[in-house]
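Sequences are here, hints too, so could you generate the full structure?
Protein chains in written order, with our numbering: chain Y, 49 to 162; chain C, 4 to 115.
Take these hints with a grain of salt, some might be off.
As the list claims (entries may be wrong) - With a straight-line Cα cutoff of 25 Å, these simulated DMTMM-like cross-link-like pairs (lysine to aspartate or glutamate) come out:
#1 C/Lys-55 / Y/Asp-111
#2 C/Lys-72 / Y/Glu-133
#3 Y/Lys-90 / Y/Asp-119
#4 C/Lys-6 / Y/Glu-104
#5 C/Lys-6 / Y/Glu-92
#6 Y/Lys-90 / C/Glu-34
#7 Y/Lys-90 / C/Asp-85
#8 Y/Lys-126 / Y/Glu-51
#9 C/Lys-6 / Y/Glu-150
#10 C/Lys-6 / Y/Asp-111
#11 Y/Lys-105 / Y/Glu-133
#12 Y/Lys-131 / Y/Asp-111
#13 Y/Lys-105 / C/Glu-34
#14 Y/Lys-131 / Y/Glu-66
#15 Y/Lys-131 / Y/Asp-145
It is worth saying that the hints were derived from the structure and are not from the lab.
None of the values given here were measured: they were computed from a predicted structure.
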Amino acid sequence: EPEVTQTPSHQVTQMGQEVILRCVPISNHLYFYWYRQILGQKVEFLVSFYNNEISEKSEIFDDQFSVERPDGSNFTLKIRSTKLEDSAMYFCASSRDRDYNEQFFGPGTRLTVL
Amino acid sequence: DAKTTQPPSMDCAEGRAANLPCNHSTISGNEYVYWYRQIHSQGPQYIIHGLKNNETNEMASLIITEDRKSSTLILPHATLRDTAVYYCIVRVPIYNTDKLIFGTGTRLQVFP
Numbered sequence: 049e050p051e052v053t054q055t056p057s058h059q060v061t062q063m064g065q066e067v068i069l070r071c072v073p074i075s076n077h078l079y080f081y082w083y084r085q086i087l088g089q090k091v092e093f094l095v096s097f098y099n100n101e102i103s104e105k106s107e108i109f110d111d112q113f114s115v116e117r118p119d120g121s122n123f124t125l126k127i128r129s130t131k132l133e134d135s136a137m138y139f140c141a142s143s144r145d146r147d148y149n150e151q152f153f154g155p156g157t158r159l160t161v162l
Numbered sequence: 004d005a006k007t008t009q010p011p012s013m014d015c016a017e018g019r020a021a022n023l024p025c026n027h028s029t030i031s032g033n034e035y036v037y038w039y040r041q042i043h044s045q046g047p048q049y050i051i052h053g054l055k056n057n058e059t060n061e062m063a064s065l066i067i068t069e070d071r072k073s074s075t076l077i078l079p080h081a082t083l084r085d086t087a088v089y090y091c092i093v094r095v096p097i098y099n100t101d102k103l104i105f106g107t108g109t110r111l112q113v114f115p
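Right, dumping it as structure tokens:
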């Protein structure tokens with residue numbers, strides 16, 4: 049069964065450093081998403097991406113965040129200058145279309161900012 | 004998107020049916036009810052969705068009341084692996100937004 053994959057599974061970084069979280073969505077999917085979950089809190093939407101551009105973003109997704117689909121398979125989330133409060137699980141998701149189909153989530157990347 | 008209310012936790016004996024309720028009294032006519040679950044700290048997993056008719060798939064059944072103000076997710080024969088947080092989400096799939104808004108969900112504990 050096709051699945052969304054994410055790398056790395058755990059990333060430790062120093063405050064102020066740049067990190068790139070990587071995702072490989074399901075191959076025939078066209079819509080891509082990033083969510084995050086701070087430990088013990090709700091899953092929060094960050095951004096959705098379609099046709100090589102952001103279609104929607106939350107207020108969390110400020111200028112420190114960016115997304116990119118650098119090739120036909122990868123989907124990345126970059127945090128330019130990490131803060132302690134960026135420590136969270138980051139989940140990538142993809143869906144075949146935006147209308148009625150489900151979003152498939154990856155296993156997540158645990159980001160720890162020291 | 005309409006707000007949902009779920010009990011914070013429930014228990015269920017292994018092999019029995021788990022019935023998870025969700026209240027969405029402000030749901031509008033074009034909003035769908037979606038159910039996802041999150042096992043430990045894994046990525047959320049889609050379970051089922053529906054508009055007004057009852058739905059069934061290999062994982063679960065979804066019963067939506069006639070007035071659509073509430074729904075129940077049924078896991079017919081719960082196993083220990085069904086222990087998870089279950090999220091009820093209502094959304095309009097189109098209208099320029101496709102994000103999922105997660106609440107705090109119901110933590111289902113299946114015991115032997």
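request  = Verify the proposed pairing of Y/Lys-126 with Y/Glu-51, using a straight-line Cα cut of 25 Å.
outcome  = holds, 22 Å
ask   = Does C/Glu-34 lie within 25 Å of Y/Lys-105 when you go C-alpha to C-alpha?
value = Within the cut-off at roughly 21 Å; holds.
Pairwise hint evaluation, Y/Glu-150 against C/Lys-6, where the allowed Cα distance is 25 Å at most = OK: C/Lys-6 and Y/Glu-150 at ~19 Å, within 25 Å.
query = Between C/Lys-72 and Y/Glu-133, is the straight-line Cα distance small enough, at 25 Å or below?
reply = violated, 37 Å
request  = Would you mind confirming whether the straight-line C-alpha gap from C/Lys-6 to Y/Glu-104 stays at or under 25 Å?
outcome  = The hint holds at about 20 Å.
ask   = Between Y/Lys-131 and Y/Asp-111, is the straight-line Cα distance small enough, at 25 Å or below?
value = holds, 13 Å
query = Is the straight-line distance between the alpha-carbon of Y/Lys-90 and that of C/Glu-34 25 Å or less?
reply = holds, 21 Å
query = Keeping to a limit of 25 Å between CA atoms, is the pair of Y/Lys-90 and Y/Asp-119 held or broken?
reply = Status violated; Cα separation ~31 Å.
query = Are the Cα positions of C/Lys-6 and Y/Asp-111 separated by 25 Å at most?
reply = violated, 29 Å
message = Just to be careful, I want the Cα atoms of C/Lys-6 and Y/Glu-92 compared with a cutoff of 25 Å; is the pair within it?
response = holds, 15 Å
message = Y/Lys-131 and Y/Glu-66 were given as a pair; does the straight-line alpha-carbon distance stay at or below 25 Å?
response = Satisfied, since the Cα-Cα distance of roughly 10 Å is no more than 25 Å.
Straight-line alpha-carbon gap Y/Lys-105 to Y/Glu-133, limit 25 Å = Measuring from Cα to Cα gives roughly 18 Å; hence the hint holds.
When the structure is compared with the earlier hints, violations turn up for hints 1, 2, 3, 10 and 15 and for no others.
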